[in-house]
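Assemble the dimeric complex from its two separately framed chains, guided by the hints.
Listed below are the residues making up each chain.
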Amino acid sequence: MNAISVDLMVNGQQYCVETAAHKTLLYLLRDDLGLTGAKDGCSEGECGACTIMLDGQPVNACLVLAGQAIGREVLTIEGLAGDDQLHPVQRHFVEAGAVQCGFCGPGLIMLSVALLECAPEPTESEIRQALGGNLCRCTGYAKIVEAVQLAAEEMNRG
Amino acid sequence: MQGFTFDSPQTLEEACQMLAETGGKLVAGGTDVIPQMRDGRFQTGRLIDLSRLDNLSYVEQHNGTIAIGALTNYTTLMHSPLLQTGASVLVEAAGLVGGIQTRNRGTVGGNIANASPAGDMHPPLLTLKAEVTLVSTDGERAIPLARLLQGPGETAVAPNEVIRQISFGGLPAAAKSTFLRLGNRRGMAVSVVSVAVVLQLGLENMVEDVRVALGAVAPTAIRCHKTESLLMRRQLTDSVIEEAANTAVQECSPIDDVRGSANYRRHGVKVLVRRGLQTLADRR
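Residue numbers (the working numbering), protein chains in the order written: chain A, 1 to 158; chain B, 1001 to 1284.
Take the hints with a grain of salt, since some may be wrong.
Unchecked claim - Just a few of them, taken from the derived set where beta-carbon distance is under 10 Å, the chain B residues facing chain A:
id	residue
1	1035
2	1049
3	1187
Stated by the list, open to error - The calculated label-pair distances, taken between Cβ atoms and stated as ranges, are:
id	chain 1	residue 1	chain 2	residue 2	range
4	A	119	B	1235	38 to 44 Å
5	B	1139	A	44	34 to 40 Å
6	A	3	B	1184	39 to 45 Å
7	A	16	B	1010	17 to 23 Å
8	B	1208	A	91	55 to 61 Å
9	A	119	B	1185	20 to 26 Å
Stated by the list, open to error - Covered by chain A, per the in silico footprint, the following chain B stretches (three or more residues, Cβ under 8 Å):
id	region
10	1027-1034
11	1102-1108
Because the hints were derived from the structure by calculation, they are not lab data.
None of these values were measured; they are calculated from a predicted model.
Here a beta-carbon is modelled for each residue, glycine too, at the ideal position from N, C-alpha and C.
Extracted from the complex, chain B is given alone in its bound form (with noise of 0.2 Å):
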């Protein structure tokens, strides 16, 4: 791990100068990207570090809209708030990241640019039909968080671009959520099989809303549809709760790894989708 610059820009301008004049990795909290420069799985010339941007650091919420600062840590979000109430999911995944000592230093941000098929955030966030805001010396773009991530380790973001915040609509009230992983250690486990879901139940149980997303089963986090339009408008029984389990698990397609087989990362989908549903559909 050597042969690279290190520079730490005072402002995010100066972070895209950096980037636009010589490229280079970005590196923040350091918990992918110093195991990865070990592991030889990339080299760069130049190391440009953000740690020194403070103002990108926030949780805000602006008529309705939750925005959250790419250098947010995963401490951060445990404890904000905004997010305990807007977006529960968020926090219960934020949670479970690693341990106490990589939550002060990982960060959101990091954690979409990493773009592991098992990302923490992801599942989350995607349930949150979250955007994220991309800002280079070109000027600013928004993406949905969907067609962000495109497969294991790849986005979209330019060479050039640095992610700037990430945002999505607070949650109504009425609206239930919550996070479930599987994972080879009860702390600094890499998912094996993770699931978040968002659920909004009307009069006798009734689906008026609903969000499932799973992580560490596809290239990428995904969003499960068609498991979704199963549920939609019906009653939340037990068998129906079955139903959206097994489907959840059709609209996976996980591989055998050293973390897990795809047979056990497929029933982890339907185990947790169930339970998540039930939890949900239980809690008042």
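Chain A with its partners taken away, still in its complex shape (with noise of 0.2 Å):
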């Protein structure tokens, strides 16, 4: 097995790991640092289950190796939360019933953050355009939208 050292900082936190050279960050995440809130649902970089932010950009896990994420910035559903609470996003797609096996939620959690950071007031189309790189089988899609838009709304508010 061909094996690769790799340093990168992971929800603020310096980690220095050393795995195979054909792992893709989302399973160094996964089973080296044990964050499993990124999810693997399609290994291909169609679904969206695995979507944290490299140096601040929402990209799929799944498609970025070990190696690629040397000396770069992860932020993962783990690194979200505040010391005592959720981030609005994530407490909205609870309360908004946009929750429901669960699966897509940290993907999806992920890229709606990053979406209000470029884009804090979207309409509904725009949501949906956004969120068009990921997929959920339970919820029917009208929940997650109404929750982006809560979040969107307290979060201009505060």
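In structure tokens:
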């Protein structure tokens, strides 16, 4: 097995991980760091369940090789909440009923956080367009869109 | 997906050196390479990662020529003011590729190297008459994109070459352009049919310049030279548009595949070419 040494920052903490060269960032996070929030839904970047922030940009972790993450900053769902409270997007997903089985949740929440950072007042159409890279098999998306709208409203008020 | 070493050259020269010494598979955004490796579409003993080459991500203009670094991702393309004015057809296409996550990683160089018949950058770049610059330890060469694309997954890029840059003359202010496509899903869809049109109209809607390119309906993206000849120096009426749309259908050679039938694709070409010309004719 070809080994690789990966120095990276995850959720504000520095790590040095010895892992296989063929490993993707998704499995480095899940297996080597025990951060199982990001999910493997398709292994090919079609479903968005593995969405995390890489240097502040939402990407599919299943399409980033471990070596490509060296020296970079990663934010996962585990790093989103503050010490004692959920991020508004997380809380509204829960309260609006946008979470059923929960599998798509972390990916959608990370993407929604990224969306609201660059478009604080998105229209419904803009939300649906932006979330087009993520699949949900349970909810029918209506509650997800509502959760994002409610989170946007709260974040713009505060 | 294993059995390879992973190297991240810090410069383009280093990358070319690695290719010259041992060969290898280049990877940038990974949005095509990684799924293909998983599928076993190719094997490699050495993966050469281009993602550290920050100086290959740029959109610049020199004397009316726009140059795009091969590692420029779709998000950067979409937000480039230079491209929004000088090549809006490329911006429209970039915005339709994949989803936000894939647009943050996928690169224009990768879209060319992958040479999918449905590659969304190809029809716009063909209408822009783009040239591709390739570099290796042997030197540098430029080749028109139309000659570089040779078949499904096939290009004229040699095993020791790296795509460095794509360049083309910026469109004049009087030229309008658009990109349309059909896919089986709003986001994350491989194009089933795509059309890029560049149009310049003079007095009384006379066609002064026109370029039409199609994607996903031939072994590579293609320019529709017959359609363009038909349109040149004619007044762009509804019936001329209809004639052009029908001619474009004759110029393509789609196949049946999992995403759509050849018949559906031919119909799609007719509708999208008609729609594209009409949209641009109406646009002020």
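* Give me the numbers of the hints this structure contradicts, sorted from smallest to largest. => Checked against the structure, no hint fails, so every one of them is satisfied.
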